[in-house]
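**Q** Same order as they appear, the protein sequences are chains A and B. As numbered in numbering that gives the first Met the number 0, residues 0 to 329 make up the first sequence, in order. As numbered in numbering that gives the first Met the number 0, residues 0 to 329 make up the second sequence, in order.
Any given hint might turn out to be false.
You can't tell identical chains apart in this list, so a pair holds if it fits in one copy or across any two.
Cut-off 27 Å, straight-line C-alpha distance, at most; resulting in silico cross-link-like pairs (DSS-like, lysine-lysine) [stated by the list, open to error]:
1) K44 to K70
2) K22 to K63
3) K44 to K213
4) K220 to K44
5) K245 to K70
6) K22 to K7
What the hints contain is simulated information worked out from the structure, not anything from laboratory work.
Protein chains: 2
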Amino acid sequence: MGRTIYFKNKPSILATSSISGPKEGEGSLKNYIETILKDDMFGEKTFEKAESKFLYHAIKKVIKNSNLTEKNIDCIIAGDLLNQIISSTFASRNFSVGFLGVYNACATFTESIILGSTFVDGGYLNNVICGTSSHFSSAERQYRYPLELGSTRSQLAQWTVTGAGTLILSNEDKSVKTECATIGKIVDFGVKDPFDMGAAMAPSASDTLVTHFKDTGRRPKDYDLIVTGDLGAFGSRIFKDLMWEKGYDVENQHVDCGELIYNIKEDEYQGGSGAGCSSVVFCSYLYKKLKDKSIKRLLLMSTGALLSSVSSQQGESIPGITHAVSFISE
Amino acid sequence: MGRTIYFKNKPSILATSSISGPKEGEGSLKNYIETILKDDMFGEKTFEKAESKFLYHAIKKVIKNSNLTEKNIDCIIAGDLLNQIISSTFASRNFSVGFLGVYNACATFTESIILGSTFVDGGYLNNVICGTSSHFSSAERQYRYPLELGSTRSQLAQWTVTGAGTLILSNEDKSVKTECATIGKIVDFGVKDPFDMGAAMAPSASDTLVTHFKDTGRRPKDYDLIVTGDLGAFGSRIFKDLMWEKGYDVENQHVDCGELIYNIKEDEYQGGSGAGCSSVVFCSYLYKKLKDKSIKRLLLMSTGALLSSVSSQQGESIPGITHAVSFISE
Chain A
0 MGRTIYFKNK PSILATSSIS GPKEGEGSLK NYIETILKDD MFGEKTFEKA ESKFLYHAIK
60 KVIKNSNLTE KNIDCIIAGD LLNQIISSTF ASRNFSVGFL GVYNACATFT ESIILGSTFV
120 DGGYLNNVIC GTSSHFSSAE RQYRYPLELG STRSQLAQWT VTGAGTLILS NEDKSVKTEC
180 ATIGKIVDFG VKDPFDMGAA MAPSASDTLV THFKDTGRRP KDYDLIVTGD LGAFGSRIFK
240 DLMWEKGYDV ENQHVDCGEL IYNIKEDEYQ GGSGAGCSSV VFCSYLYKKL KDKSIKRLLL
300 MSTGALLSSV SSQQGESIPG ITHAVSFISE
Chain B
0 MGRTIYFKNK PSILATSSIS GPKEGEGSLK NYIETILKDD MFGEKTFEKA ESKFLYHAIK
60 KVIKNSNLTE KNIDCIIAGD LLNQIISSTF ASRNFSVGFL GVYNACATFT ESIILGSTFV
120 DGGYLNNVIC GTSSHFSSAE RQYRYPLELG STRSQLAQWT VTGAGTLILS NEDKSVKTEC
180 ATIGKIVDFG VKDPFDMGAA MAPSASDTLV THFKDTGRRP KDYDLIVTGD LGAFGSRIFK
240 DLMWEKGYDV ENQHVDCGEL IYNIKEDEYQ GGSGAGCSSV VFCSYLYKKL KDKSIKRLLL
300 MSTGALLSSV SSQQGESIPG ITHAVSFISE
């Protein structure tokens, strides 16, 4: 049967919500992100509590935006980068709703949409919230160095997005729908530099997209946009090269959420990353473009680097994973 | 629609596999666990690499036991307790198969079965591997104290199971099937002691079971066994009390995987725990009993405590979650 699945009833997106920190709010998507905070601590005492509050806010807001109430929500499917996905669990404990925690690093957002779409498409659940979050400061101190150290950033380092994005998948008939998906497999090219995630993830993005094209018989031109999660500037180049080698030219369709979210300046180098990167970009800008039909077919491919600080310390390489979801606007 | 879903085509269990360390191999299930190692390092240099190898072995073995080949497997759904679920990701990168990482602490095993059953039942995938692992030594040093410190264990502390359990869900018709499931919600009674996980998880186990009974109209006697994951001796007592308060007497049906796996001796106090606890017990003993029809209806309720060392250090309580899956033997 393989890795590509079809949603014959095409679950609809009932609503989305997005929230970000001030830095993201100054970028190219400033007119699309629903809530832009002036203080990325969100009134909390720790980075982790702040991140969780971002996601809590995005869950609460997406329910409001959908005109549903909490009682109509059957399940929240969420994940994030913090150890034991505490951002998602502590955000979700405030809702009297089923919860399924997921983790595929920065590929978690499309993973959650694949699961949510399957539940809704198969008639198992009616309304499912999918969402992810990340926070620059909680990610830096967990994965890299304490901010207080003032370390110089590597040229290939990305900037973790501070924000959260959520959407509700539903069996109601709305214009933006999920239509099919390709589940990622883990691809490991032996990259070991935790400051070069783009290179670690690009081979998995290429593997998933080639698989998607082969399984569906589609070509790049069948999509208005092919959107990767957070390959960054360098990773995107590797990805397009790898696709070219396999006989697919995606130059005209490809864009990366990590490139979209910031007006790239010298100190950000590669653009945004993080589990919240593709969710904030999709739940603000891309969803809006699908809804107003300026984009009609979009393949969202959130990309994940499957490392932990322990695996890197033990000399392990960084495997990547990419899940693809096809959205249509009817 | 709510939290209980029905699998109308009843996905079958094609095969299971279980592997454990030497301590688990001396317990009550010694004649049921498929592979019992003499060395819980499994020839590896670190606890984390050892844990990952346990899961790798259980995935490889379950494919063999099913008489399928890797090519026939559509997806691996797995999770574990290590930061960024590295045990599952590094185990799964060796297979050219789709991967969906999940995390609900020690409730991850039934979470993976709910997702796998939905994919198979709805006709999206044919053969899905579900599995979890845990390792005493990797869990101790990540969540508690370095082993070298020789700390005294709390009276309410449980013993993390060293092992992994896997099963294959399939659309082939076999005798043991999943029939319905109740997705857990996060329940927080404000317990803050990370050495008293049973008390933190018992309220969520009770919530899920009451919801399951209400949604399905079933009573305790409709099951031969109602099996919690790792409430331990004290947590099990709280769970049964809470059920009694809600009008359900589960004394005759209830058993806890954490109590089953060890011959409880003084130094283990509360019994086993860990994401591998319910998977090892189910994939060895319980599956065997279902297969030979000495058990005909079984409700498996893996129980999870949603904490991290960071959330505890920041003064947070420990929310619990419990997912229930009903198995039948036909």
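**Q** Look at each hint and say if it fits the structure.
**A** For each hint, the structure was consulted:
Within a single copy, K44 and K70 get their C-alpha atoms no closer than 31 Å, and across copies no closer than 50 Å, so neither meets the 27 Å cut-off. In this assembly of identical chains, the alpha carbons of K22 and K63 lie at most 27 Å apart only when taken from the same copy (26 Å versus 52 Å across copies). In this assembly of identical chains, the alpha carbons of K44 and K213 never lie at most 27 Å apart, being 49 Å within a copy and 40 Å across copies at closest. For the homomeric pair K220 and K44, neither the shortest alpha-carbon distance inside one copy (48 Å) nor that between copies (49 Å) is at most 27 Å.
With identical chains, the CA atoms of K245 and K70 are at most 27 Å apart between copies only, with a shortest distance of 22 Å across copies and 48 Å within one. In this assembly of identical chains, K22 and K7 lie within 27 Å of each other by CA distance neither inside one copy nor across copies; the values are 40 Å within and 49 Å between.
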